[in-house]
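For this one, chain P is given, so just place chain W on it according to the hints.
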Amino acid sequence: MNAKSIFPVLLLVLLIAGSAVYWVEAPMAPSVQALQLKAGTLLSQPRTLPDVILKASDGSDKFSHDYAGKWTLLFAGYTHCPDVCPTTMSDLNRVSQLLLQQGIDPQKFRILFLSIDPERDTAEKLRDFARYFNPAFEAVTAKPSDLEVFTKALGVVYLKIPADKASPADKYVMDHSTAVLLLDPAFRFAGLFSAPHDPQAIADDLVKILAVYPDVKG
Amino acid sequence: MRSWLLGLCCISTVAFAELPVEVRDAWVREAPPSASVNAGYLVLHNNSDQVQHLQHIQSKQFRAVEMHETIMEADVAKMREVHDLAIPAGGEVEFQSGGYHLMLMEPLNAIKAGAQVSVILHFASGLEIPIVMLVKKADDQTGDQSNEHHHHH
Numbered sequence: 001m002n003a004k005s006i007f008p009v010l011l012l013v014l015l016i017a018g019s020a021v022y023w024v025e026a027p028m029a030p031s032v033q034a035l036q037l038k039a040g041t042l043l044s045q046p047r048t049l050p051d052v053i054l055k056a057s058d059g060s061d062k063f064s065h066d067y068a069g070k071w072t073l074l075f076a077g078y079t080h081c082p083d084v085c086p087t088t089m090s091d092l093n094r095v096s097q098l099l100l101q102q103g104i105d106p107q108k109f110r111i112l113f114l115s116i117d118p119e120r121d122t123a124e125k126l127r128d129f130a131r132y133f134n135p136a137f138e139a140v141t142a143k144p145s146d147l148e149v150f151t152k153a154l155g156v157v158y159l160k161i162p163a164d165k166a167s168p169a170d171k172y173v174m175d176h177s178t179a180v181l182l183l184d185p186a187f188r189f190a191g192l193f194s195a196p197h198d199p200q201a202i203a204d205d206l207v208k209i210l211a212v213y214p215d216v217k218g
Numbered sequence: 001m002r003s004w005l006l007g008l009c010c011i012s013t014v015a016f017a018e019l020p021v022e023v024r025d026a027w028v029r030e031a032p033p034s035a036s037v038n039a040g041y042l043v044l045h046n047n048s049d050q051v052q053h054l055q056h057i058q059s060k061q062f063r064a065v066e067m068h069e070t071i072m073e074a075d076v077a078k079m080r081e082v083h084d085l086a087i088p089a090g091g092e093v094e095f096q097s098g099g100y101h102l103m104l105m106e107p108l109n110a111i112k113a114g115a116q117v118s119v120i121l122h123f124a125s126g127l128e129i130p131i132v133m134l135v136k137k138a139d140d141q142t143g144d145q146s147n148e149h150h151h152h153h
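First to last, the protein sequences are chains P and W. Per my numbering, residue 1 is the first one in the first sequence, and the count goes up by one each step. Per my numbering, residue 1 is the first one in the second sequence, and the count goes up by one each step.
Hints were generated in silico from the structure; no laboratory data involved. Computed from a predicted model, the values in this text were never measured in an experiment.
Listed next, the in silico BS3-like pairs over lysine-lysine satisfying Cα-Cα at most 30 Å (straight line):
1) LYS137/W <-> LYS171/P
2) LYS152/P <-> LYS78/W
3) LYS78/W <-> LYS171/P
Bound-form chain W, shown alone:
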């Protein structure tokens, strides 16, 4: 029941003041049928007065979940695993294409647009936040943040 409520809070983007870290705009990109990896994006807001370290992510729907960062160097994209993501006190970290993303690897069942992915975020402080991420096609234009990268120009 508790996790269900927390999940609901995250998809409805209502801030619970008592939660040290607030999660919003969580979504998973539907992958081509050939791919064995889905990318996931979200925004983490730290409501607390101390740094929060996201260190581990779990989902029963995937064999493994990692955090990665795409680093652009002279027009070359380099993807590196991140083991500890610090969210500054009162600050925010936005996962987005070309930056931080979740690597959801080897889905146990095919993940199609419209499906939901349940994930638990584990922080160094012991904080655990279960969230629900909606699976969407990347070029789905239905009012979301998934096309954020188009707005940088």
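The shape of chain P in the complex, shown without the other chains:
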């Protein structure tokens, strides 16, 4: 095969590779952008997330891309949080119930709790916490350096606030973001729902999003 005959083949290969890259990096379909959402905001361009090691509540280590394949609603909090986190997790349980009532396949979405308190949130605590709200809920955390990289890409912030000096060292609260984040089935950051959360509005938005964007493969 001489250089002349190889050229069209090369061109074709480049074209295919180029369109594959375009597909991966493509903005969401215009029809998704045109949706009139009640509660959610979609990013104009879904953002690829850094692949870090997430510590799952079954004790195993997972790559973040292991969570691709489904739409993910991610909420970042901590299990010692008495007010905002249980409220949000209850809201997400309601969202989950509403999605199932509207006939959404449970295989198409997951609720994922991300602990921003790896110091206290052991795998066992995470499992107990997530399952309390819904047996299907999943929970992860990460070692501090991975957590920092991963949350930064999601725009999630958190800060440890020590209790007064007289209290033991493990008595502290965490400031943290309250938005529920939407990750697409390629595990890209696709959008968010800001607090206060309205489960009905979130569920309605998700039904719309899944309808026009049903079969993205991870």
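Using the frame of chain P, we list chain W on its own:
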């Protein structure tokens, strides 16, 4: 006997005109098994003609009870201890998710939905009000104020 009567008044939401501060809708959120803290909510109405300062809360069922406020700043929730909560004369303060809440820390025995928590509210004036708070699941829809935050939209 006195505390029993006062407790009854609070859960039946009957206002006793002679009480300077009236308490209603007092409930404690059942916590996940992993948690060592329960949040409590209530509404305080000041019937008197002077400011009432809630400063200290006690419960024999918990190691400690604090007042906290969740402050939302640019989508970030910040929880801070409150040492003195002023209830204006004739006014009302509502504890609710995303705002003021009681932090009931380290229950001596597991606190499950349906249980009752006895708490004493101590005011700066020397006023002490014993109340009974019902433990409920947050998504319990049985006609209460626990889902108030859903109605803000």
